[in-house]
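Generate coordinates for the entire structure from the input sequences, incorporating the hints supplied.
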Amino acid sequence: MCDSSFNISETAWCPGCGDFDIISSLKEALETLGKKPHEVLVVGGIGQAAKTPQYINTNGFCGLHGRALPPAVAAKIVNSRLTVIVNTGDGDSYGEGGNHFIHNIRRNVDITHFVHNNQIYGLTKGQASPTTDISHITDIQTAGTIHEPLNPVLLAIAAGAGFVARAFSGDTKHLTSIMIEAIKYRGYSLVDILQPCVSFNKVNTFQWYSKRVYKLDESHDVTDRLKAMEKAMEWGERIPIGILYKKDKPVFNDKIEFLKDNQVLIEKEFHMEKVKSYLKDFV
Amino acid sequence: MNYNILIGGSAGQGVETVSAIFEKILKRQGFKIFTIKDYMSRVRGGHNFIQVRFGTEKLFSHRDEIDGIMAFNDETIELHLERLKSDGFIICDEEINFTDQRILKLPLKQTAKASGNIKAFGSVAVGSVLELLGIGQTGIENVLMEYFNSEISAQNLNAIHNGRKLVSKRCDTVPSKKDGNILINGNQAVALGALAAGCRFYSAYPMTPSTSIMNYLAEKMMDAEIVVEQAEDEIAAINMAIGASYAGARSMTGTSGGGFSLMVEALGLSGMMEIPLVIAEVQRPGPTTGFPTRTEQSDLKFVISASQGEFPRMVIALRNAEDAFYQTVRAFDIADKYQLPVILLSDQFLADSTVTSEPFDFESTKINNHICEYSSDKPYNRYEITPTGISPRLIPGGNHGITVLSDSDEHDKSGHITESADIRNQMVNKRMRKLDLLKEELQEPLFIGAEDSEVLLLAWGSLWGPVSEAVNILNEYGDSRYGALVFGDIWPLPVKLLAEKAKKAKRIINVEQNATGQLASIVSEVTGIFCDSSILKFDGRPMSSGYICSKIRGE
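Heads up: the sequence lines are chains A and B, in that order.
Taking the numbering used here, the leading residue of the first sequence gets 1, the next gets one more, and so forth.
Taking the numbering used here, the leading residue of the second sequence gets 1, the next gets one more, and so forth.
No wet-lab data here; the hints were simulated from the structure.
Each statement offered as a hint is correct.
Heads up, simulated SDA-like pairs for lysine to any residue below, C-alpha to C-alpha not over 20 Å straight-line:
1) B:K165 - B:E95
2) B:K413 - A:P37
3) B:K58 - B:M1
4) A:K202 - A:I239
5) B:K169 - B:M1
6) A:K276 - B:N215
7) A:K249 - A:D221
8) B:K551 - B:D532
9) A:K274 - B:Y326
10) A:K280 - B:E146
11) A:K280 - B:E358
12) B:K220 - A:E267
13) B:K109 - B:Q13
14) A:K255 - B:E232
15) A:K125 - A:G16
16) A:K280 - B:M222
17) A:K280 - B:Y326
18) A:K276 - B:E358
19) B:K220 - A:L259
20) B:K301 - B:F530
21) A:K246 - A:D224
22) B:K366 - B:E322
23) A:K260 - B:M221
24) A:K268 - B:N369
25) B:K413 - B:P392
26) A:K255 - B:M221
27) B:K177 - A:V283
28) A:K268 - B:A218
29) A:K280 - B:G139
30) A:K246 - A:H174
31) A:K260 - A:D248
32) B:K220 - A:Q263
33) B:K413 - A:N7
34) A:K211 - A:W235
35) B:K301 - B:G258
Structure follows, in structure tokens:
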């Protein structure tokens, strides 16, 4: 990947961070799909994962904490030639941005959401995230987390997402293949990427995940929503990775007459005469 | 000549429909209109009223004295009797239990029933009022056809006709000119301005009194090809509008003070990323839920300073519906030219008041997105340091080999995160420098009244109407010594005309619909000019010219 057109050298990530594997998989997925840097928009909120747009040569938008999805979907709605990808963390996606997560599943704009889920807050130095396992001790949760962890993939399937997958940053080949499928999928696609945080999560380490993850094979029917939910609930000793659920659904832009069939809003001509005629509403 | 007719009842009794038909009939005949709406935050019951003021000359505002009341319940009479002129009239159903020599108890419901539809009792009352005032029948059928299907409009036409027979004419009221106007409220004018500016994306969360902007845009969504998206909350609404603008669409959001409070962090995002954005903030009394359906001008100091950190922004206070249209168009141009957020500050009074206006001039509205020319011979830097502070903006995706990077962190010219002290200084200076150029195109406040006024009133936004009328009244009956400056562009504060007029004035009085005199506070902070006294009102009801005059005379 050394000669990728998507490369930028410098990062502020810790050595050994899962983010390196995720970004290199993303670059490889984009290369494989034949995308050019100017055709892609990578959006992040705030956090370590959310710095991804800074470290990849594409269009980039690093907005506010928790608010990666709203600008991403809006950019896609008006400028649908862009391949829009959100790369951001578990705190950004499921905590601060929880409301946008639920409602953008409903909105079903054709974007891809890669959540770097390390089950901890990295940038603020080690507090519990919505996906931190129960009893996990941190500087804030000094007696261990007492909140039930959120199950984002189960929530996404239940809320009606058409593409839900789980992946592991330690298996980049598999991750890349999932990323390619997610980007190709027309509609909102979620990939919850399990990822070690070498600095602040001493529980869910690379080894912890490696020992538990197993790949879903052909025997898993990705179109069966109930089966997908069953697999989504598997957590603990065995954690399935792969596409949990996939179903074609009508996409936001296709439900709007003047956007369907890949019409691009920002390329549409403006007709002043038409607007002028609206004065008749007030005569 | 002008009349002021109050139509009142409980929510659900059709006050809104009756008054809409009444004002449309008058407007079509060539009368000038100014209508205010007073409604409660509930769907049924309570007391709602609408005051339709109409006349032969241009009307700037509402007035307190009432010439006639159409009362659909007892409460309407009890609440407003005090404001009814001694020679005024009250039209109500015979079932109403109230005594006053001005009451005309008429068989409204019975007549409606005989006209074919008991629900048309409001139209019976309209007919009676038209007859009392000697207003003709021209165009009424067409107006009804626009509101109802043919069966119901025929019943209502009958009802108006039969309503006329219940009373006898007291005078003749004839419009001076034929109708050539439009009848529009402040929110509709903002929406029309957004469409004229080529706005292609409007995301908002419903909040009174801003929602009718979204309503009108949604009505035009398919025809005008503008995406109108109801967001999950105001935070999403503004972040979506910023994303759409980044991606190349002229974008806008709208809300009231509570929703704007939620948008504040993203207001800074627009400032930091230098992404054009137009926000309509339609004020209502706060804090918190306050008076959801009423009016106030108490968010001025909030919107000029909202968000952490410092960045350039522009705030334009809207003065009337016509101004709302042209300033909305201008707001999009300024947002694009300077790559910053522009806030249009309106209020419930302006938002809901309908007024006759000359048709808006669309020829004067030109769209320029101020997107830079892309040249392949030099590297592209989104945040290039320039003498004006305005950096070259490109739309992502449009140019092969060019990417556009924006970050909410402090960034270098390419958009990459930096913690360099030098770059920080350069970037803050670059962003703030845009104000130098913007200040050159600020519009000075409107001056009304006597050229060398001894008493100078300072006001802003929608108080333009009441203040204009007050100044005219004061100068007509006094010794022509009153003048007023009404600010539209309000942040940055234009200071030239203010300094000139303040120098000549013996007394300066700020007139504001808030409790603390926010304009006076800003004026003193920016210019060192202090007001001698204040006329303030914060009960949620719009300030009238009569109120201003009585305060000034009572001094």
